[in-house]
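Taken in sequence, the protein lines are chains A and B.
Note that the first sequence ends on residue 508 in numbering that gives the first Met the number 0; no numbers are left out.
Note that the second sequence ends on residue 312 in numbering that gives the first Met the number 0; no numbers are left out.
Derived by calculation from the structure, the hints in this document are not laboratory data.
None of these values were measured; they are calculated from a predicted model.
The reader is advised that the hints may include incorrect statements.
Straight-line alpha carbon distances no greater than 30 Å define the calculated DSS-like cross-link-like pairs of lysine-lysine that follow [stated by the list, open to error]: (1) K414/A with K141/B; (2) K141/B with K9/A; (3) K267/A with K339/A; (4) K9/A with K311/B; (5) K137/B with K376/A.
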Amino acid sequence: MNQVLHIFRKDLRRLWLEIIVSLLLLFGFAWKMPMIWREGPNYEAPVWRWLFALLGISLCFSWWFLIVRVIQGESLVGDRQFWLTRPYQRRWLIAAKALFIIAFVNVPVLIFDVALLAHVGFSPGLYLSGLLQAQLLLTAFLVVPIATISVITESPAQFLLFLFGVIAYISGLTWAVAEIPSSSVGGDIPSAMALTMAAATCVALLILQYFRRDTLVSRWTLLVSLCVIAIILTSAPYGRLVEHAYPDLPAGSLVSAAVKIGTNTSAKPNESPVIGKTLNVYVPIDTTGLVQGSLVVVDAARLTIHAPGGLAWNSGWVSSGQTLWPTPSRFTQTFEVNSKFYSSVAGGAVEMRIDLAVSEYRESAPQQITAATGSFKVTDDGICTVGQGRYGSTVTLRCKSAMNEPAFAAHLDPKSTTCTLPDSNWPSLQLGRNDGNPSAEFGGGAGLFPVHPFEINFGAATNPSGDKAISIICPGTSFSVSTPALFGRYRIETEIQAVHLGSYRAYDF
Amino acid sequence: MFESRGRDIPSDPMANAIAIENLTKHFRHVAALNGLNMAVPEGSIFGLVGPNGAGKTTAIKIVMNILHATSGRAQVLSWDSRDLTGSAFCSIGYVSENQKLPEWMRVTDFLAYVRDFYPTWDRELENDLVKRFDLPAKRKLKMLSRGMRMKVALASSLAYRPRLIVMDEPFSGLDPLVRDELIECLLHGAGAATVLISSHDLAEIETLATHIGYLEAGQLRFSEELTSLASRFRQVELALHASPLQHGAPPESWMHLDVSNSTVRFIESRYDEGRTASDIVQVFGDTASATYAPMSLRSIFLAIARDTREHKA
């Protein structure tokens, strides 16, 4: 144990300047952090936002440099280092390096998180698990990868070269995976496998280098691991994984009858020449009949087109993210259609089929909230103020949450407003709701952002006699908030016969 | 020329500080070591010599567990070299010509830093070595000359009184004064420790080694006590009565046989007064005179190296 402190003190003496720079950058980052919560008249000048982004990048860079320098202080690559033939206990060496990183990366970030939570008005003691989770994310996605490359490279310059190789690999792999149909949706299991593989490789390399110090074997291990990850991600049956994750909706479900493809009868078919390899078609989808107290998130959609003569094409699963509410509504889903296929079927009628992979949520634990002057609490997770929407015409609650962005379903009955309305005939208001993403059950941002700003929008509230926005939430106005709980994941389908594809095609600008 | 070092070397031939068996090391397709067998007796100062690329540094790095052998094994004190880590290095000092020291440290900081790793560290010896080497305590290592850095490395490897000191080309690129200082301090600080030292500087090796090993092409050509080596090599010059028209086949122990007119010169690598004289008579008959001059280590080394090259050719 003495050896741990001895090596730690040596590293502290050596890297004091890097430590101070890193702490100053973190302090600056914490100091300017509140500006990203501000909107409207308090919106910071772009130059400040740009400087803030630069500060964040510099902070990450300073951590990178600190971790690389401290690990490569006793470099594990090469055969000329003096420490190799000194009585270093390898387990104490690795412990000393870990202690240094915890002391000058993890602990400062923890202090930063706690300070920001307290500054906003959250009690840090209530968010210990979130704080711990943020530390784990910071360690898993920043410290461990940097440490892993540091133990198989000899200097920061060699590290950067290696890093460029890794970035090139990731870019190439991302591009290759993006070319695979449905990969943007069905990647949960392959991604989890790839992440597990990457994490196991990092741990294996750290152990291998610190206890065996065989750089050649370590680098080969990394190369093989990267190949395996590439194989996992490029050969995964994404389409089948989506279908497995979203089974057919049980017969008789309320959701099944609620969705159908809207007809674009009023739209004039777009007959302009086709340019490019793909073109966009916009498919309107009508939803009705969802049970009260439920909401459905369309996670993905797939368009299949059948044309006379046996011609068929499908888009694969594409991400959607649309939220459906019990009130009847229409949303538009965009698909990229292969231009050659489009040209071959554009002249005639086709059959379109849409599959939707949806998550259904049921609202639970409803609470009645009364707006107060200034900030007020919305459940335990949010501190909100009333404000105007980004475009002036929406009624918005600006909120901040601790550690993770919470999922809310909020309802506002305009009749309960305590605001003085300018026109007694106004409003012919509709039921308000939020557009929060109920699937954001976990969104903590790697310890860098302990406070998450988010908005609850209640839709337009415009004075019919003019476009001036008006408030309908004033101190004393009540609205209800509930937590959406996952009810189930399903796949639902709808189709439409004999339509002209050109009616759904977007105009090129 | 070859003097006794006044060392008490155990008579037990099994008492070896280092024992290497069938060590091979391949760097891709190049064999740096090719079945090396070598023993460094405990208490000896063992000079490992050989031409460039012979495998001296590779052998030492495997012994120190800095490199991994392709096959074979090495025993260092009581450890298998592959297990040599952590506290095992409390008994071993290692100094190499191209060792990377923490250059950001001052001399005193460096000595203070390494001091805490060794329970047997001798502060008096450290102070003595600092004084003898005239080390600038407050200067950073990166500001030191090569010679000074070697002195710091040596001081930090002697101050805990290791049982084994391994030095890889410690004199390379140093001026004669610094070499002398290093040797003097090594002999002063090493005490009864076993020393393995690889060097091209044969004159320096000659002044301090008790044993010598000659490594070539990854194999040990010979290994023996320096006094024994010195006694078996002689530069022989014969004056014949007449220029020989033909002569008998020389024994294998003769190297670089040169016959010009009535003068014959060669190097005898297994000198024994009676046997060598008898061999000469068998090859050349009676001679007018014969001189047997002792050879320096450098001359022996050059003779062997040239002989090897001639055989290869």
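Cross-check of the supplied hints:
Restraint check for K414/A and K141/B: not satisfied, since their Cα atoms lie roughly 79 Å apart, outside the 30 Å limit. With a CA separation close to 17 Å, the supplied pair K141/B and K9/A stays within the 30 Å bound. About 21 Å separates the Cα atoms of K267/A and K339/A, which keeps this hinted pair within 30 Å; it holds. With a C-alpha separation of about 53 Å, the suggested pair K9/A and K311/B falls outside the 30 Å cut-off, and the hint is violated.
Between K137/B and K376/A the CA atoms are separated by roughly 61 Å; this puts the pair beyond 30 Å, and the hint is violated.
In this structure, the hints that do not hold are numbers 1, 4, 5, in rising order.
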